[in-house]
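Peer 1: Here is what each chain is made of, one letter per residue.
There are 2 protein chains.
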Amino acid sequence: MQPALDVQVREVGLRDGLQAVAAPLATSAKLAWIRAEAEAGVREIEVTSFVPARLLPQFADAEEVVAQALRLGGLQVVALVPNLRGAERALALGVPKLDYVVSVSRTHNLRNVRREREASLEDFRRIVQARDAAGRHHTTTLAAGLSTALGCSYEGRIAVDEVRRCAAFLAEAGAQEILVADTVGYGDPRQVREVLRGVLAEVAGIPVAAHFHDTRGLGLANVLAALDCGISRFDASLGGLGGCPFAPGASGNIVMEDLVFMLESMGLRTGVDLERLLAVRELAARHLGADQMHGALASAGLPRHYRGAGDGARPH
Amino acid sequence: MQPALDVQVREVGLRDGLQAVAAPLATSAKLAWIRAEAEAGVREIEVTSFVPARLLPQFADAEEVVAQALRLGGLQVVALVPNLRGAERALALGVPKLDYVVSVSRTHNLRNVRREREASLEDFRRIVQARDAAGRHHTTTLAAGLSTALGCSYEGRIAVDEVRRCAAFLAEAGAQEILVADTVGYGDPRQVREVLRGVLAEVAGIPVAAHFHDTRGLGLANVLAALDCGISRFDASLGGLGGCPFAPGASGNIVMEDLVFMLESMGLRTGVDLERLLAVRELAARHLGADQMHGALASAGLPRHYRGAGDGARPH
Numbered sequence: 001m002q003p004a005l006d007v008q009v010r011e012v013g014l015r016d017g018l019q020a021v022a023a024p025l026a027t028s029a030k031l032a033w034i035r036a037e038a039e040a041g042v043r044e045i046e047v048t049s050f051v052p053a054r055l056l057p058q059f060a061d062a063e064e065v066v067a068q069a070l071r072l073g074g075l076q077v078v079a080l081v082p083n084l085r086g087a088e089r090a091l092a093l094g095v096p097k098l099d100y101v102v103s104v105s106r107t108h109n110l111r112n113v114r115r116e117r118e119a120s121l122e123d124f125r126r127i128v129q130a131r132d133a134a135g136r137h138h139t140t141t142l143a144a145g146l147s148t149a150l151g152c153s154y155e156g157r158i159a160v161d162e163v164r165r166c167a168a169f170l171a172e173a174g175a176q177e178i179l180v181a182d183t184v185g186y187g188d189p190r191q192v193r194e195v196l197r198g199v200l201a202e203v204a205g206i207p208v209a210a211h212f213h214d215t216r217g218l219g220l221a222n223v224l225a226a227l228d229c230g231i232s233r234f235d236a237s238l239g240g241l242g243g244c245p246f247a248p249g250a251s252g253n254i255v256m257e258d259l260v261f262m263l264e265s266m267g268l269r270t271g272v273d274l275e276r277l278l279a280v281r282e283l284a285a286r287h288l289g290a291d292q293m294h295g296a297l298a299s300a301g302l303p304r305h306y307r308g309a310g311d312g313a314r315p316h
Numbered sequence: 317m318q319p320a321l322d323v324q325v326r327e328v329g330l331r332d333g334l335q336a337v338a339a340p341l342a343t344s345a346k347l348a349w350i351r352a353e354a355e356a357g358v359r360e361i362e363v364t365s366f367v368p369a370r371l372l373p374q375f376a377d378a379e380e381v382v383a384q385a386l387r388l389g390g391l392q393v394v395a396l397v398p399n400l401r402g403a404e405r406a407l408a409l410g411v412p413k414l415d416y417v418v419s420v421s422r423t424h425n426l427r428n429v430r431r432e433r434e435a436s437l438e439d440f441r442r443i444v445q446a447r448d449a450a451g452r453h454h455t456t457t458l459a460a461g462l463s464t465a466l467g468c469s470y471e472g473r474i475a476v477d478e479v480r481r482c483a484a485f486l487a488e489a490g491a492q493e494i495l496v497a498d499t500v501g502y503g504d505p506r507q508v509r510e511v512l513r514g515v516l517a518e519v520a521g522i523p524v525a526a527h528f529h530d531t532r533g534l535g536l537a538n539v540l541a542a543l544d545c546g547i548s549r550f551d552a553s554l555g556g557l558g559g560c561p562f563a564p565g566a567s568g569n570i571v572m573e574d575l576v577f578m579l580e581s582m583g584l585r586t587g588v589d590l591e592r593l594l595a596v597r598e599l600a601a602r603h604l605g606a607d608q609m610h611g612a613l614a615s616a617g618l619p620r621h622y623r624g625a626g627d628g629a630r631p632h
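Taken in sequence, the protein lines are chains A and G. Residue numbering for the first sequence follows this note's numbering, beginning at 1 and increasing consecutively. Residue numbering for the second sequence follows this note's numbering, beginning at 317 and increasing consecutively.
Hints are computed from structural coordinates only; laboratory data are not their basis. Among these hints, one or two may not hold up.
[Said to hold, decoys possible] Listed below are several chain A residues computed to face chain G (Cβ distance under 8 Å; list not exhaustive):
#1 Val21
#2 Gly151
#3 Ser153
#4 Tyr186
#5 Thr215
#6 Leu218
#7 Ala221
#8 Val223
#9 Ala225
#10 Met262
#11 Ser265
#12 Met266
#13 Asp291
#14 Gly295
#15 Pro303
#16 Arg304
[Stated by the list, open to error] Below, a sample of chain A positions facing chain G; criterion: calculated Cβ distance under 10 Å:
#17 Arg115
#18 Cys152
#19 Val184
#20 Pro189
#21 Gln191
#22 Arg216
#23 Leu302
#24 His305
Think of the CB as a built atom: it goes at the ideal place given N, C-alpha and C, for glycine as much as any other residue.
Generate coordinates for the entire structure from the input sequences, incorporating the hints supplied.
Peer 2: Have a look at this one:
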């Protein structure tokens, strides 16, 4: 029995991070990373994306990665599915959790998946039906992500009402988790609170997770803003792997090590062993190159006398 | 008449930043930086430190820097004074605001200024007396900083009661501003709230400012935590200039550009023109080397459609 957590952190570097890395990472290296990070205490990992391999060769090994990852104990294996076809591939493999993503920005949705936003929203209904028709209603969790929910590099600001409308649609259609994503790193803490409170009001009872990028340095401040709204599920990537296609050289997802450090320092249990996590970072850096990795904790090291939230002896 | 601000940001790179840079920056380069940043809208700059030049040759030009900076209009010129002798030098020049610093950590205070913490606290009384004896009661503001208030690389955690006690002493002794400083970047948002609420309770009526380092990536999250406590004065340095002597390669102060970006994005007026500030960064980088400069905004650029808090047309 695993101890209860205050906050659940989810690794998305193998999907959102590697998506930005042109050279395919060897399947064995992906699996070594997944295994080591699961052993460090990260209980949910988005291991791949079921996009067509011709579009993203990085994920040509999606089936193999999933099959191997499913053999690891104590790990929630997640895969991104961009459409019904991807969902069918994932369902056939018995992936226990799928992330489907729609962009709230109509322009971004068109450019990203070449469909109208409403068509993408409707597709989620078909994925729910496909899941249920496959008899996997009780064994495959369907999460729905709202991309560009905090801004779009094409459209700029996104109206909160639009985010709420999409969230309500997906919840009604059967989403079991709503993921609010700051895809391009435009969000600020005030906006995060406004958007998350709006979404929470629409989807009462369904867990809401947050996916922030650190493109402009506000990632962890946005996490704090989200914590204040009661959010307790966060995406991050080891070493902040991943970039922003619209900002060459900019960092990508929030940095897993820095996120865990902040949460544990605040007395919030993540279940992650930070020393082991830093060792996983070294492992990933050996394959990907140290210049791909961002993050402050890895440079500065843990504070002297540091104790994580799991240590009952700490002051708060 | 300058418009009212919601938050006041203060540049400390010329003191806290340059303190970590061995090669003296030319006086003319310091003054060009000060002038340009004041023109970008930063209204308070800690321009130097009145430490003995034999200890920190970087500040051998303290008198000259102050004298020139005082000629700039609309700028609050501040100097750090480590002791009574430094305060006397600064008072003789008519510096309008002095920062005196005491470490809450007894060990840090001993190593930093080779005196017991209580001796350093008592010295502040003498500085107040010296200021008043010089007839500068109404023209020189005395701020008192609490170094290592959120942790110490020697002692680890610092008891909140100790921070409160020092703050109360300094307020009683005549401090007109209390600066709570996370000197080594150990603080987390929960602790920031606890410490700041404690200090605010002790020094009712005296402005409290916060000085965070971004050593472990939590700097802006700590700013958000402080904003939530009602703090509206923050130190930062251009490009996060400055390191941590205990963490080679780690970043220093929070990054001014990123701080202003966060605040303005949240609809809080800082008075700073972000595009001009980014140009000042380029100016400083030419003298100091781009590798000294940290920060996310400078890499990623402003979001498309970005509008600062000053734009009445923005949604919030």
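Peer 1: Tell me, in ascending order, the numbers of any earlier hints that this structure violates.
Peer 2: 1, 13, 17
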